Amino acid sequence: MPTVRDLRDRIRSLKNTQQITKAMKQVAAAKIRRAEALQKQSRPYADAIGAMLRDLIANVGAVDHPFMKPGREGVPGGVIVMTADKGLAGSFNGNLIRAAEVHAREHADLAWYSIGIKGRNALRRQRGEMLQFWPLAQGDMFANARDLAERVTVDFVGGKIGTLTLISPKLVNMMTQRPEVRQLLPITADEPNGEKTGGSVEFEPSPEFVLGRLLPKYLEFTLYSAMLETNASFYAAQLIAMNNATDNAKKLIDENTVEMNKARQAAITKEILEIVGGAEALAG
Amino acid sequence: MANAIPFQLITPLSVKFDGQAELVIAVGTEGEVGILPSHAPYLTALRPGVLRANVQGTGGATERLELACGEGFLQALPGKVTILADAALSRDEIDIPQAREDLQAAQDEQKAAGGDLAAWRRAQAKIDFANARLSVAGLNPGH
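One line per chain: the protein sequences are Y and A, in this order. Here the working numbering is used: position 75 in the first sequence is 75, and no number is missing along the way. Here the working numbering is used: position 77 in the second sequence is 77, and no number is missing along the way.
Just so you know, these hints were derived from the structure itself, not from any lab.
Derived DSBU-like pairs (lysine-lysine); straight-line CA-CA distance at most 30 Å:
1) Y/LYS22 x Y/LYS40
2) A/LYS16 x Y/LYS170
3) Y/LYS40 x A/LYS80
4) A/LYS126 x Y/LYS160
5) A/LYS16 x Y/LYS31
6) A/LYS126 x Y/LYS40
7) Y/LYS160 x A/LYS111
Computed from a prediction, not measured in an experiment: that's the story for all the values here.
Throw the hints in and build the complete structure from the sequences for me.
Set out below in structure tokens:
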């Protein structure tokens, strides 16, 4: 049976934990607003570049660009895994790593790229893979996205990888983030619903050249926006994890407080009984 | 009031400009391009450089817009001009020491590129962007 002092210490430590989780929850709430704002600000660019690409493909027809042709056979498939740099976000990183594991079981030969420290560490530990790595939220996110895009472009065009798959979280809503697996390369032109401007569009210097510039930019931006979404999802997951942790701490504090009060009452009762017993013995 | 066309300048970080333009001059990969209202449908790639535009400010008065832009694209459609750029910085957003530093670093990078044409081109793009920033900041009159 724990003593009053033990329980008091335990409650104090729980209160400290609760303060920390509460602070982290507030920080996450502030950061998610910032992350969501960045995401929102990038949307016009996403819409515009997507529209340009569709217009271009609709006007050009068959396109001769390495990104739009099947990659080389018999080489590893490239996989980009995006996770957060830090933990304390419930099963957020674990779910992504599990999705990567599932993908690895289904596909034999893979080459890994990683955004986010957690993903890199897990893949190194579990698979012993050497991989190319960039942090998610350190330094200039757009520059990191560009570096990654450049790396995978060189590898894909150079025939080191045959396809490129992205595993990243999708922020369904604040409560739900789901790992999503999608193929980035080769790009499949499944949306030929661009504005056919009647073949009168003038391309300078040529449609192929512009497309050759636009496709890498599109890849770069796709990766950047996936990183933004990963970042926002991470803070959403952390917000919920820290909210739960704060609630749990509160519950434990309440339980322990009740127990402490009982223990204190028991001690008082015992003392009174002892005094009464002693008095009776003297009177007897 | 002069003839104008809706003009949007969009970067991944924000919509930098959204309004009416009378003239847009950007640096294309093949040289400077000037777009006036009712330009034929047109799409080109831009290299880093100084974007100039005459836009309509509040009250319809013509204002001069001058921004240092990164790589991007310009699309002129009937009734709309859109520019996508990696970055677009106005005069007061430019960090001059940083631009100088970037210029130096990019020049060194280009020297080190040797025969690697792709690396040489990447370095050139960085040089162009640094020069554009210095030029918009009122320095580097050569550009």
